[in-house]
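Enquirer: Sequence:
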Amino acid sequence: MSVTSPSSPVELLTFRLSDQEYSLDIMCVREIRGWTRTTPLPHAPSYMKGVINLRGTVLPVMDLAERLGLPPREHTDRNVIIVVKFEETMTGLLVDAVSDIIALTSSDLQPPPDAASNGGVGIIKALTLLDDRMIRVLELSEVVPPPQRDAA
Numbered sequence: 006m007s008v009t010s011p012s013s014p015v016e017l018l019t020f021r022l023s024d025q026e027y028s029l030d031i032m033c034v035r036e037i038r039g040w041t042r043t044t045p046l047p048h049a050p051s052y053m054k055g056v057i058n059l060r061g062t063v064l065p066v067m068d069l070a071e072r073l074g075l076p077p078r079e080h081t082d083r084n085v086i087i088v089v090k091f092e093e094t095m096t097g098l099l100v101d102a103v104s105d106i107i108a109l110t111s112s113d114l115q116p117p118p119d120a121a122s123n124g125g126v127g128i129i130k131a132l133t134l135l136d137d138r139m140i141r142v143l144e145l146s147e148v149v150p151p152p153q154r155d156a157a
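Following this note's numbering, the numbering of the sequence shown begins with 6 at its first residue and continues without gaps.
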């Protein structure tokens, strides 16, 4: 998210992961789907749950809690998949539940403390307080793996 002025408007989709609240810039969200069983892929990282058929497109689905190093939990029918687009890549992010859409200004967002960037470099882009709830804003470029490039 580029900050153009101290009060430029920002809309975030908030969601829950392991009793914590996270958010993404609404502009990268394409749709929200109910949990669908995935087809696993061999040799994929453990956080990649597999792929689903999204209207004829093969969509990789990532367990976002596992990707962020949060404790494992049981998946239920209440889990949802947030379909996001980063650059030209569509990815499904498995989350516990979607909370809501919040409208803020960029001045409401605070950079994360430097100590937080030791293990997860750049994954948390900003933090904001909303009604005594600490909401972490994710940097999608650090969460979603870059598209595979063909070797030259």
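In case anyone wonders, no lab produced these hints; they're calculated from the structure. Treat the hints with caution; some may be incorrect.
Below are the EDC-like pairs computed for lysine to aspartate or glutamate, each with C-alpha atoms no more than 16 Å apart in a straight line [said to hold, decoys possible]:
1) K130 to E36
2) K90 to E36
3) K90 to E147
4) K130 to E26
5) K130 to D105
6) K130 to E147
7) K130 to E16
8) K90 to E26
9) K90 to E79
10) K90 to D30
11) K90 to D113
As the structure is a prediction and not an experimental result, all values here were calculated from the model.
Enquirer: Next, verify each hint and record whether it holds.
Expert: Status of the hints after comparison with the structure:
The hinted pair formed by K130 and E36 fails the criterion: a straight-line CA distance of about 22 Å is larger than 16 Å. A distance of roughly 10 Å separates the Cα atoms of K90 and E36; the hinted pair therefore holds under the 16 Å criterion. Note on K90 and E147: the hinted pairing holds, with a Cα-Cα distance of about 13 Å set against a maximum of 16 Å. For the suggested pair K130 and E26, the alpha carbons sit about 14 Å apart, so the restraint of at most 16 Å is met.
The straight-line distance between the Cα atoms of K130 and D105 is roughly 19 Å, outside the 16 Å bound, and the hint therefore fails. With a CA separation close to 9 Å, the supplied pair K130 and E147 stays within the 16 Å bound. Straight-line distance between C-alpha atoms of K130 and E16 comes to about 14 Å, which keeps the hinted pair within the 16 Å bound. Among the hinted pairs, K90 with E26 is inconsistent with the structure: their alpha-carbon atoms are about 21 Å apart, more than 16 Å.
Simply put, K90 and E79 have alpha-carbon atoms about 26 Å apart, too far for the 16 Å limit, and the pair is violated. Between K90 and D30, the direct Cα distance comes to roughly 11 Å. Compliance with the 16 Å bound is thereby established for this hinted pair. Restraint check: the Cα-Cα separation between K90 and D113 comes to about 25 Å, which exceeds 16 Å; the hinted pair is violated.
Hints 1, 5, 8, 9, 11, counting from the list given before, are not met by this structure.
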